[in-house]
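Student: Take a look at the letters that make up each chain.
4 protein chains.
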Amino acid sequence: MKGLKLAVENKAKNIIKVKDAVIGGSELVLMAGPCAVESKEQLLLTAQALKELGVKILRGGAFKPRTSPYSFLGLGQQGLELLKEVADDTGMAVVTEVMDPNEVQLVAEYADILQIGSRNMQNFPLLQAVGKINKPILLKRGLAATLSEWLFAAEYILAAGNNQIILCERGIRTFETYTRNTVDLSIVPIIQSKTSFPIIVDPSHATGIRELVLPVSKGAVAIGADGLMIEVHPNPAEALCDGEQSLTPTEFAELLKEIKPICAAVGKTIS
Amino acid sequence: MKGLKLAVENKAKNIIKVKDAVIGGSELVLMAGPCAVESKEQLLLTAQALKELGVKILRGGAFKPRTSPYSFLGLGQQGLELLKEVADDTGMAVVTEVMDPNEVQLVAEYADILQIGSRNMQNFPLLQAVGKINKPILLKRGLAATLSEWLFAAEYILAAGNNQIILCERGIRTFETYTRNTVDLSIVPIIQSKTSFPIIVDPSHATGIRELVLPVSKGAVAIGADGLMIEVHPNPAEALCDGEQSLTPTEFAELLKEIKPICAAVGKTIS
Amino acid sequence: MKGLKLAVENKAKNIIKVKDAVIGGSELVLMAGPCAVESKEQLLLTAQALKELGVKILRGGAFKPRTSPYSFLGLGQQGLELLKEVADDTGMAVVTEVMDPNEVQLVAEYADILQIGSRNMQNFPLLQAVGKINKPILLKRGLAATLSEWLFAAEYILAAGNNQIILCERGIRTFETYTRNTVDLSIVPIIQSKTSFPIIVDPSHATGIRELVLPVSKGAVAIGADGLMIEVHPNPAEALCDGEQSLTPTEFAELLKEIKPICAAVGKTIS
Amino acid sequence: MKGLKLAVENKAKNIIKVKDAVIGGSELVLMAGPCAVESKEQLLLTAQALKELGVKILRGGAFKPRTSPYSFLGLGQQGLELLKEVADDTGMAVVTEVMDPNEVQLVAEYADILQIGSRNMQNFPLLQAVGKINKPILLKRGLAATLSEWLFAAEYILAAGNNQIILCERGIRTFETYTRNTVDLSIVPIIQSKTSFPIIVDPSHATGIRELVLPVSKGAVAIGADGLMIEVHPNPAEALCDGEQSLTPTEFAELLKEIKPICAAVGKTIS
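Protein chains in written order, with our numbering: chain A, -3 to 267; chain B, -3 to 267; chain C, -3 to 267; chain D, -3 to 267.
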């Protein structure tokens, strides 16, 4: 961690406010929604269900980084428009990924929080570009990124002028292939002791297995995560992306019910 | 997991009773004590403190697997005698590691639970030897063992006739070097859904960092672990082994206090 | 590898010609030069020495992806100009990294081969951008990229219309920290049996240790690599980047001398 | 490597002689034979073919460490007897694995070199037991063993009194699953610069793929390995163990022919 100038300043937790949501405070922040924006109907249906359950931040991909160029790559700008429309309808904030420095301005027009995905954690021109805007950045951990590399990626954003950074643990790549990735929950208290960044956990990508989303969410809340990012789709079996790890709104409601007592146990509120 | 015959039988949790302790039931089982048995005084002091805090199983190494042959390798049989003496004095059960098939009978005379350490997870003669005794076996996950390999290691013990197996996640080896290992808490619900083995978590070895023992314990309990194995030493600064990850009895008492509400939240009792 | 359409076509090796160099043919291709372009003097001195030794492709970074934003990030466009100037002076071809889709056109004006660095192997907008130009692309393996992910990254470039792809193994991230990365030489024959891409090896980044560059080069040539990419600096002790893995021109000359018999043994020529 | 006392002494290569073979000298040592001893016919057929090709050391497993207890676990003492019989018939030396400290004396009666397999690299009682005999030990690298851990394992043997140690790189576990393991050829020159141990490479276990045995052998010889350990079976399709990575004697003869020029290029002889 030698060489970090801004990321390890020892100050109070950097609390970030986005519409009704407060990230890094006493309330567990929930970001939920589909892997990819597929249609108005899909998004609205999901958002309304989530809104009723108290979710304040809607996630959904418009530009999708996919291993294969032949996979569904997202609706692009049309996806952004749908996100904004649905967010306005429901009063939710929107978090969505940006992959290209050229598109930072465009995405910033529609989104409340810009996500840097794990494949782009060391995409330095992109980090510099999002460092120049005045919106919160959700910086996912690279799939083989050490703690130090992750904090230096945040440092790029800080050094460019943006200190509204939320970190997101989403699993790392290990020799274990049963799960999509191995979730490193111990990074949560490490981040919290070294930095002032809020840190959330994405159990959907970390495990890739629907049945593990609930238990990993429980573990994440207990270990002190500031929030959760969870994939929810009205019909996972027909999702264009990551259906096998998505919850239905009903399953997500059940998850909220089950994590509430753990929130209480660690002194966090949940809406 | 193709090829497993006994380890994946779908039956109820295999509840294991050892003296006053019940492993795999509704009570969170606590195993605590020093990395290595160093002296009567050290062990008794630790055990009495732990006993008062409700710990029913005392851990302590008599035969120590150390990377270097010049490190403290344990007191051997004398260590076993001290463990038994202190266990009898306090009414606690004892868990201790066995490294050599030749010593299984010896260790079984003194210990209530025999531990197979991570370096020996695929020491097949040792697995076969502990499969032939009538005492519970604590089988730690190998440091680079896949889920499948771990279950096949258990299968060796089962096939030899011993079905009293407790699994222990103690961190896996990854590219991340900030922590000693990376704790894979997601393995806990996987084990619980696939097998009938109780599974506990060892946050001391998983992280190697004293300050992380508490938060990882919280996460482990919330995700559903059946118990915790924690290194406690009356004077970590002078420990002959793993001092930097050991808690004092006072810190351990604090840990218990902090995990109690989480136990309650997930429906577990704690003594 | 299911889903690949273009990368695994079974045809003859795709031979790529750049100025005097032929990549994928019977001659071992050598790419050498400093990690970063630092000055006209440094670059010219290096290039002249390399040219005399038969090197046809000069490497040098103008845009440098560095973990820390406070490290030397390269001379940018000025670095490109120096590369072009020196290349023209010496008759060498130039390979240099491009990090930003916005800069693909710019870099293509100066460079003969555009390099995609390992951190950007899954920077899909960048892959698509270099897929639209008519210059060879050197696609380095991501530091934790599987074979399949690497080939899909190439597929992005192919699908965008550019089939002049050279792959480069530069070490992968493992638990071993003695070397900077672990060089996976077995990937060379795998690539050669599955695809028509030429593949070269970068022993400098793979090991991070000067003394290992020669032996790894020997192994790479013997296993069938189509070329080597090696960092050479006139004064490694004062290099602004990666000095500890750079060879002096003299050491590089020695390396050439030592790999010549191995080239002969595997039927490769070397200039 | 701090703490090593004997393994890193800077002296000349420790040359080990076993029957007609010299390990660590100018001749590339070849160890070949079936994964497991299956029958007299299988072993004799293989040994005679290998002997004719100049192989001086016959490998074959009598005690097999297998992930599943239901796999073929070897013929045990009968396998040892067959190995000795065939070795005596052909004049070859024998290398075979020992897994149990109890069996070290037994195996030493039959074998010329005792192998410690990768799963047992940190089986310290076993290391101490083979440290007390007067036969060479082939110490394979653990599948997730760092350089330092490997050398400390050798130190256990040295400290017990046996300095006839041959190291064997057999691939390490990484995220890449296309090959069985990832062969780390760069460890060869590292070992040679730090220690006096001969080091050989096992391309069969390192890759798990028949077609890769030849190219990896070429790379290993060129990088400086003192020898190769290769699985050869008269009928790989019917092998009881590791058939998919075994060569036929004919394929092995072809391999020898192809590595000869590389031996010449690096100044090694080959019988």
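Treat the hints loosely; a few may be bogus.
Same chains, same label: a pair holds when it works inside one copy or across any pair of copies.
Lysine-lysine pairs mimicking BS3-like chemistry, simulated, CA-CA at most 30 Å apart [to be verified]:
{"id": "1", "residue 1": "47", "residue 2": "-2"}
{"id": "2", "residue 1": "190", "residue 2": "47"}
{"id": "3", "residue 1": "7", "residue 2": "47"}
{"id": "4", "residue 1": "190", "residue 2": "256"}
{"id": "5", "residue 1": "253", "residue 2": "7"}
{"id": "6", "residue 1": "-2", "residue 2": "253"}
{"id": "7", "residue 1": "253", "residue 2": "9"}
{"id": "8", "residue 1": "256", "residue 2": "-2"}
{"id": "9", "residue 1": "47", "residue 2": "15"}
{"id": "10", "residue 1": "36", "residue 2": "253"}
{"id": "11", "residue 1": "-2", "residue 2": "15"}
{"id": "12", "residue 1": "9", "residue 2": "36"}
{"id": "13", "residue 1": "1", "residue 2": "253"}
{"id": "14", "residue 1": "256", "residue 2": "9"}
{"id": "15", "residue 1": "256", "residue 2": "128"}
Hints are computed from structural coordinates only; laboratory data are not their basis.
Student: Hints first: check each against the structure and report whether it holds.
Tutor: Consistency of the hints with the structure:
1. Taking the shortest Cα distances, residue 47 and residue -2 never come within 30 Å of each other, neither inside one copy (43 Å) nor across copies (39 Å).
2. In the homo-oligomer, the alpha carbons of residue 190 and residue 47 never lie at most 30 Å apart, since the shortest distance is 33 Å inside one protomer and 35 Å across protomers.
3. Neither within a single protomer nor between protomers do residue 7 and residue 47 lie at most 30 Å apart by alpha-carbon distance, with minima of 33 Å and 40 Å respectively.
4. Taking identical chains as interchangeable, the C-alpha atoms of residue 190 and residue 256 lie at most 30 Å apart whether they share a chain (27 Å) or sit on different chains (26 Å).
5. Taking the closest pair of Cα atoms, residue 253 and residue 7 come within 30 Å of each other only across two copies (27 Å); inside a single copy the shortest separation is 33 Å, beyond that limit.
6. When the C-alpha separation of residue -2 and residue 253 is checked against a cutoff of 30 Å, the pair qualifies neither within a copy, at 42 Å, nor between copies, at 35 Å.
7. Proximity of residue 253 and residue 9 under a CA criterion of 30 Å is satisfied in both settings, with 27 Å inside one chain copy and 25 Å between copies.
8. In the homo-oligomer, the alpha carbons of residue 256 and residue -2 never lie at most 30 Å apart, since the shortest distance is 39 Å inside one protomer and 38 Å across protomers.
9. Within a single copy, residue 47 and residue 15 get their C-alpha atoms as close as 13 Å, which meets the 30 Å cut-off; across copies the closest is 51 Å, which misses it.
10. In this homomeric assembly, residue 36 and residue 253 come within 30 Å of each other (Cα to Cα) only inside a single copy, at 28 Å, whereas the closest approach across copies is 49 Å.
11. For the homomeric pair residue -2 and residue 15, neither the shortest alpha-carbon distance inside one copy (36 Å) nor that between copies (43 Å) is at most 30 Å.
12. For the identical chains of this complex, residue 9 and residue 36 are neighbours neither inside a copy (37 Å) nor across copies (46 Å), given an alpha-carbon limit of 30 Å.
13. Proximity of residue 1 to residue 253 under the C-alpha cut-off of 30 Å is found in neither arrangement, the shortest distances being 41 Å within a copy and 37 Å between copies.
14. Within a single copy, residue 256 and residue 9 get their C-alpha atoms as close as 23 Å, and across copies as close as 26 Å, so both meet the 30 Å cut-off.
15. For a Cα distance limit of 30 Å, the shortest separation of residue 256 from residue 128 qualifies neither inside one copy, at 37 Å, nor across copies, at 45 Å.
Violated hints, listed in ascending order, are 1, 2, 3, 6, 8, 11, 12, 13, 15; each of the other numbered hints is respected by the structure.
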